[in-house]
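Enquirer: Let the hints inform the model, and build the full structure from the sequences given.
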Amino acid sequence: MEEFQPVIVAFCCHYCAYTAADMAGSKRLHYPANVKIIRVPCTGKVSALHMMEALRKGADGVYVAGCLEGDCHFRTGNTRATKRVAYVKKLLDEIGIGGERVEMYAMSAGMGEVFARTASEFTEKIRRLGPNPARVGRDNPGCATAACS
Amino acid sequence: MQKRSEFSNKVLIVGGGMGGIRAALDLAEAGRDVVLVDKSYSIGGLMTSLDRTFPTNNCDLCTLSPRLSESGRQLHIELLTMTEVEEVSGDAGNFKANLSSRPRYIDLQKCTACGECHRQFPGCVRFTPGLDHRAPTCMRYPQATPYAFSIDIDACSDVDELVKVCPAGAIIPDDKPRSHEVDAGAIILALGAEITDPGVLDTYGYGVYPNVVTSLEYERILSATGPTGGQLVRPSDGQKPRKVAWIQCAGSRGLRPGFQPYCSSACCMYALKEAMVTRERFLEDIETTIFYMDMRTYGKDYELYLQRAKNQYGVRFVRSRPHSIDPVFKDAVMTGGLDIGYMPYSSNLPAAEEFDMVVLSTGFRVSDETRSLAEKLGVELNDCGYAKTGSFEPVATSKPGIYACGLFEAPKDIPETLVQAGAAACCASADLSPLRVVQEKSENFPPEKDISGEPARVGVFVCDCENNIGGVIDVKSMAAGLKELKDVVVSETIGHGCSRDSLERIQEVIRKENLNRVVIGACSPRTHEAVFQDTLRKAGLNRYMLEIVNLRDQDTWVHTDNPAFAASKAKELMHMGVGAVRMTHPLADHTLPMNKDVLVVGGGVTGMKAALSLADGGFKVFLLERSNRLGGTAGKVRRTLDGQDVQAYLKTMVEKTESHENIQVLKQAVVVDHTGMAGMFKTGVQVGARMVYRQITHGITILATGALVNRPDEMLLGAHDAVMTQLDMDALLEDNPEGAKALRNVVMVQCVGSRVPENPNCSRICCQTAVKNALRLKELNPDATIVILYRDMRTPGMQELYYTKAREKGVVFVPYELEDKPGVVADGKKLSVTFTDPVLGRKVQVSCDCLVLSTGFVADEESTEDLGVIFRLPRTSDGYFLEDHVKLRPVDLPTPGFFVAGAAHSPKNIRDSIAQAQAVASRAQTFLAGDSINMGAAVARVDSNRCAACLICVRACPFGVPFVNAEGHSEIDPAKCHGCGTCASECPAEAIQLMQYEDDLIFAKLDGLFERTA
Amino acid sequence: MITAERKPIEDLINSVSSYRRILLLGCNECVTVCSAGGRKEVALLSSALQMHFMKEGHPFEIKEITLERQCDPEYVEELVPYIDQADAVLSMACGCGVQEVARRFKEKMVLPAVNTKFMGASERQGVWAERCAGCGDCVLGSTGGVCPIARCSKQLLNGPCGGSGKGKCEVDSDIDCAWQLIWDRLKALGMTEKYEENIPAKDWRTGRGAGPRKIVREDLAS
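Protein chains in written order, with this note's numbering: chain A, 44 to 192; chain B, 89 to 1102; chain C, 415 to 636.
Any given hint might turn out to be false.
[To be verified] As a list, the in silico SDA-like pairs of lysine to any residue whose alpha-carbon atoms are at most 20 Å apart:
#: 1; chain 1: A; residue 1: Lys133; chain 2: C; residue 2: Gly540
#: 2; chain 1: A; residue 1: Lys70; chain 2: B; residue 2: Pro210
#: 3; chain 1: A; residue 1: Lys133; chain 2: C; residue 2: Arg420
#: 4; chain 1: C; residue 1: Lys421; chain 2: A; residue 2: Tyr130
#: 5; chain 1: B; residue 1: Lys331; chain 2: B; residue 2: Ala440
#: 6; chain 1: C; residue 1: Lys421; chain 2: A; residue 2: Asp182
#: 7; chain 1: A; residue 1: Lys132; chain 2: C; residue 2: Pro422
#: 8; chain 1: A; residue 1: Lys132; chain 2: C; residue 2: Gly540
#: 9; chain 1: B; residue 1: Lys537; chain 2: B; residue 2: Asp575
#: 10; chain 1: C; residue 1: Lys469; chain 2: A; residue 2: Lys70
#: 11; chain 1: A; residue 1: Lys70; chain 2: B; residue 2: Asn650
#: 12; chain 1: A; residue 1: Lys70; chain 2: B; residue 2: Lys331
#: 13; chain 1: A; residue 1: Lys126; chain 2: C; residue 2: Gly550
#: 14; chain 1: A; residue 1: Lys132; chain 2: C; residue 2: Lys421
#: 15; chain 1: C; residue 1: Lys421; chain 2: A; residue 2: Gly139
#: 16; chain 1: C; residue 1: Lys477; chain 2: B; residue 2: Arg1034
#: 17; chain 1: B; residue 1: Lys755; chain 2: B; residue 2: Thr721
#: 18; chain 1: B; residue 1: Lys917; chain 2: B; residue 2: Leu805
#: 19; chain 1: B; residue 1: Lys198; chain 2: B; residue 2: Gly558
#: 20; chain 1: C; residue 1: Lys616; chain 2: C; residue 2: Gly550
#: 21; chain 1: C; residue 1: Lys469; chain 2: B; residue 2: Glu1099
#: 22; chain 1: A; residue 1: Lys70; chain 2: B; residue 2: Gly318
#: 23; chain 1: C; residue 1: Lys469; chain 2: A; residue 2: Gly142
#: 24; chain 1: C; residue 1: Lys469; chain 2: A; residue 2: Gly139
#: 25; chain 1: A; residue 1: Lys70; chain 2: B; residue 2: Leu805
#: 26; chain 1: B; residue 1: Lys1064; chain 2: B; residue 2: Phe1051
#: 27; chain 1: A; residue 1: Lys132; chain 2: C; residue 2: Arg420
[Claimed, not checked] Pair by pair, the computed Cβ-Cβ distance ranges are:
#: 28; chain 1: C; residue 1: Leu634; chain 2: B; residue 2: Arg778; range: 44 to 54 Å
#: 29; chain 1: B; residue 1: Glu953; chain 2: C; residue 2: Gly559; range: 20 to 30 Å
#: 30; chain 1: A; residue 1: Glu112; chain 2: B; residue 2: Gly211; range: 34 to 44 Å
#: 31; chain 1: C; residue 1: Val494; chain 2: B; residue 2: Glu536; range: 35 to 45 Å
Honestly, the hints are just simulated from the structure, not real lab data.
Given the structure is predicted, the values throughout are model-derived calculations rather than measurements.
C-beta atoms are modelled at their ideal positions from N, C-alpha and C, and glycine is treated no differently.
Expert: What follows is the structure, given as structure tokens:
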């Protein structure tokens, strides 16, 4: 059977994580192609709904990557995002999708290695978790996840 | 006043470190032309090798630098790297400089920094992201860094092969040295300094024992991008150290060979930073000890930093300068351990302690190169090799028209360097022709086409970026496939997308196909957004109808190992881009007309200096003074440390200010209300004894409200005639020298009312003042006994020389602890002072006929609180105004258009106040130069129909911008919005959207991604 | 304001699982302000429920509408065009809103999505605290502006009780003793003599004691 290729959405802040992703590129560090980055000015912009909708629309995992603690260009965006991620985790547990499908990471602009490592580790984790059960259910309507996948 | 040049608009800046860059940006943003010269092949100076910077312990450059690239004013900066100054002739206003550039062997216009040459010929290509990791991220605007490689042609064995590997054809094997001639009205020397060589301190064994490292080496070890990948390991055996020691003043504050006689000023703080970062990352495992003579944490809030290191991080402090470092042996083999031998301050017995690693806090010294350049330019240096400047002209060198800033002027830290850079820019600007209204060096754009009601017509352009993108994925077939997407009218490849030809091609297609939205698959929007936005604008489209898809940095560069994945990801990213671009709508940059008048609050030396600097530049200034006379605290000071007459200086300055045609002085003036935003402020003041109300309209506000001279009820001050403050002593020495001469026993106590829980910070001026007055007393009466009781003597930079002189003259310095303050009792007309002598280890009692208390400053809390409320500005916990960024924007307040200078920022002496006054004048000119201010388009917008006035945005905004207006809904002033989007994501009514990042645009990206995979 | 808190998702899933088409209603008034049932919470709950039922393979449709105020009939009237397309209504408004919708659409199942909690004030971002019990006979004038009925665990009119310690309530050390607060306020007002005055037993008929209440303003009533 072909290896499961999860789709992962990464909300990255312009000032740190997105720049770190560019750094990873300029250093030619490999990380899985599964990760698709959406640029935001600050992780403070990423609402719980953005994360939920990414999963509902079909992502297998979502992560938010912002600046290191205390480094936020906008002072507190990353700490607010951290709290929202925790909230979404709980919500996902409650609806049976699993909170481990969302995560918050912090890195500075110069940390290309950290970006690449984070992308790889998260992808691996989601691969182990398997496909987003909501997506499986949607694509196989009319039957319960466990039986059909 | 220096006569201005009538025609020159250009400044030559030598040195591309932090100081040079700051001065260049200030001048460029004010419409001045700058030639920035650096001998290295990329700019950034010393700071780029630091891991993190105090006191925020952040990678501050990363936090700030994105702002540097926004202005687009770099069009005024010509950067010449690998370039040196050969000769300068002429005078202020009319210099001619001959420069020579070494060959780079790379065409900067063509190099895309793809790295192909470096991969294939690592030995002969200079680009070291490992050691200089911020180069591509932080100094990335194309005219800066520069974002390009350089070739070491001598190291290259096969030049022809090297030329072939470059896909951009950027290598020029026969590149020649070039000489340039530059005409400049003024010159700024930001030459920096070098690090002292610890190898010459023979008893420390640097270079002999591998585990003795310098602080800069230690920074590299800590750095995530350093040689150890951020692992803290000691060089000898790659083991993690358990005990690390710092030795301060390794090369500074010494008279022995190898030592500089002055204090290097920055080392105490960086040692604290290194120790704290070490503890933070490896808390449980690593003990950190700092050996010091005096902890010199005299800057703004630095004392709190020291307390944090002590109390929160458990850094240990030992007051002693170690005499030697010896290796530890076990079975006749060196273990890598190091014994530090020292004499504890409070004991007569020598001590030794073993550490796994020792960091030498090396200081600064002037390089021979700098000395010879100064000589060539006719700039006088002091005995230590730093530029000679005066107390009242802190950045002016001995040669008119040439200014010094940063380490070249004296040892200092980054904020002070940046302040001086601003001051130098201000002075240089004053030598140039009057500031003209900035003619933006940009093309005239055609009028914007109205596309309202039009269906989306999307054009897709895919760049192959030579082989960077096209070499990994098949861009042609991808572009063809994208034609199938909804609303896509044309989809094609464009070769090297950012080349002039390609940009013209995009414009042509936009016009021909009547496109109204564009997606470009290329490199990072971080670097190229502005270029492509301009292209749209030139074709008559709104610049925000654009989506850039990062195919290079985030796809093809990453997935070279799996082209099939790279191709499918590229396609998905493009789908996301097309989905998003369909949701874009025209946005307007927020621009405001600029009112060019300036309000300066505070009529002390700082306020007057700022007012005069701007008034001389042709700007109208309103100078508010609370009392009925100008002069502020300086009115109470007679002499500076170097003996200058403060009152004479002040008198001239007051006369100049009061008679200046561009300055309106309003005395007995109190600010009562304030509205508006940068460029259009309105401030209400009540003036004069009758408190007449008037409203002032202005574009810039400068706060120079000073601080209060402290006079605490301590040690019989005010209760006994023989007890006085240092200011009283200063006046006594000047006004009644006979009376001062008669004093035979004088005791001075430092830190009275400073560095105590009620006023936790260091007042900064007291140590130098005590030394100054002690020297003057000694001059009058060499036989006088003077004892100075201190906690840490804080005489940074060249002030150290006066401290040394005082000790030579026989002034006795005895340290005391906060827990064991000196006791004072009256003894008739005399006083009896009791203190603990740390060497004897017991109480000593002395009798004196005069007790001088160094009482320093306290914040003028009442004023800063009132003004803080009226202007909505933040303050520190002890009541000083809080600047936007302690490290990199020391005189900018967080609200655009507000600046702070002088003692309202933190305690400082006249010299530093003047430098800050000039720096704010320079920063203000960057605003005043334009006729309008561009606030960008990424601002939050409230839909008033949805708003429930719940106040969540008001509470969530990190900058306090939203408020509930008179109509009862939230309002966000686009001029104040920083564009983070926090309010938008917290609004429970979904009433707020952040422009450029609207929710529907983000959801469209997700739809674009999943449409296919579904 | 009236405060509310979303019910546990599990309860909501159970309550709607027998329906296929749900009309999810938000309210732009109190529940928006306390972040329980405004447009954002509606979207979030919608997303969560859809995802859950997708996972279950259960066909499920949600229509989201947020009314200006669910407790006013004119606003509820705006639902007329949509109500027939839904098998049930899930309302994120407070109990008043839920009842108003149920009253208007008699044949439609209307389910509450939030638990209505109390009348309170926002202490800071994200924290709301009970302030008023709606007793119908306000005593704040005698108690220094601190309500002993809403804020004393025992609703004592002449407190504190023996369970007050270090300014906190024995029920939970996070609860301030209301009578400590009253004392502090009276002291600040210089009216400590008020504290000595006995507050007579309250006539609870103005509260819930005499059954459901109504306010009629004759000058306004039509």
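Enquirer: Are the hints correct? Go through all of them and say.
Expert: Right, here's what the structure says about each hint:
Between the alpha carbons of A/Lys133 and C/Gly540 the distance comes to roughly 17 Å, so the proposed pair stays at or under 20 Å and holds. For the given pair, A/Lys70 sits about 14 Å from B/Pro210 by alpha-carbon distance, which is consistent with the 20 Å threshold. A hinted pair counts as satisfied when its Cα atoms are at most 20 Å apart, and A/Lys133 with C/Arg420 qualifies at roughly 14 Å. Between C/Lys421 and A/Tyr130 the alpha-carbon distance is near 15 Å, which keeps this suggested pair within the 20 Å criterion.
As the CA atoms of B/Lys331 and B/Ala440 are separated by approximately 14 Å, the hinted pair is consistent with the 20 Å bound. Between the alpha carbons of C/Lys421 and A/Asp182 the distance comes to roughly 29 Å, so the proposed pair goes past 20 Å and is violated. As the CA atoms of A/Lys132 and C/Pro422 are separated by approximately 14 Å, the hinted pair is consistent with the 20 Å bound. For the hint pairing A/Lys132 with C/Gly540, the CA-to-CA distance comes to about 18 Å; that is within 20 Å, so the pair holds.
Among the hinted pairs, B/Lys537 with B/Asp575 is consistent with the structure: their alpha-carbon atoms are about 19 Å apart, no more than 20 Å. Restraint check for C/Lys469 and A/Lys70: not satisfied, since their Cα atoms lie roughly 40 Å apart, outside the 20 Å limit. With a C-alpha separation of about 16 Å, the suggested pairing of A/Lys70 with B/Asn650 holds against the 20 Å cut-off. At roughly 34 Å between alpha-carbon atoms, A/Lys70 and B/Lys331 are farther apart than 20 Å, so this suggested pair is violated.
Simply put, A/Lys126 and C/Gly550 have alpha-carbon atoms about 40 Å apart, too far for the 20 Å limit, and the pair is violated. Taken as a hint, the A/Lys132 and C/Lys421 pair is honoured in the structure, with Cα atoms around 17 Å apart against an allowance of 20 Å. This hinted pair checks out: C/Lys421 and A/Gly139 have alpha carbons roughly 16 Å apart, not beyond 20 Å. The suggested pairing of C/Lys477 with B/Arg1034 holds, with an alpha-carbon distance near 18 Å, which does not exceed 20 Å.
A hinted pair counts as satisfied when its Cα atoms are at most 20 Å apart, and B/Lys755 with B/Thr721 qualifies at roughly 16 Å. As the CA atoms of B/Lys917 and B/Leu805 are separated by approximately 14 Å, the hinted pair is consistent with the 20 Å bound. A hinted pair counts as satisfied when its Cα atoms are at most 20 Å apart, and B/Lys198 with B/Gly558 qualifies at roughly 17 Å. For the hint pairing C/Lys616 with C/Gly550, the CA-to-CA distance comes to about 11 Å; that is within 20 Å, so the pair holds.
This hinted pair checks out: C/Lys469 and B/Glu1099 have alpha carbons roughly 19 Å apart, not beyond 20 Å. For the given pair, A/Lys70 sits about 17 Å from B/Gly318 by alpha-carbon distance, which is consistent with the 20 Å threshold. For the hint pairing C/Lys469 with A/Gly142, the CA-to-CA distance comes to about 15 Å; that is within 20 Å, so the pair holds. Between C/Lys469 and A/Gly139 the CA atoms are separated by roughly 8 Å; this keeps the pair inside 20 Å, and the hint holds.
Note on A/Lys70 and B/Leu805: the hinted pairing is violated, with a Cα-Cα distance of about 65 Å set against a maximum of 20 Å. Our distance criterion of 20 Å between C-alpha atoms is met by B/Lys1064 and B/Phe1051, whose separation comes to about 12 Å. Taking the CA atoms of A/Lys132 and C/Arg420, the gap is about 16 Å. The hint holds against a cut of 20 Å. For C/Leu634 and B/Arg778, the Cβ-Cβ distance of about 52 Å falls inside the hinted range of 44 to 54 Å, so the restraint holds.
Checked against the hint of 20 to 30 Å, the pair B/Glu953 and C/Gly559 passes, with Cβ atoms roughly 27 Å apart. The given range of 34 to 44 Å is respected by A/Glu112 and B/Gly211, whose C-beta atoms sit roughly 40 Å from each other. With their beta carbons about 43 Å apart, C/Val494 and B/Glu536 fall inside the hinted range of 35 to 45 Å.
Hints 6, 10, 12, 13, 25 from the list above are not met by this structure, while the remaining hints are.
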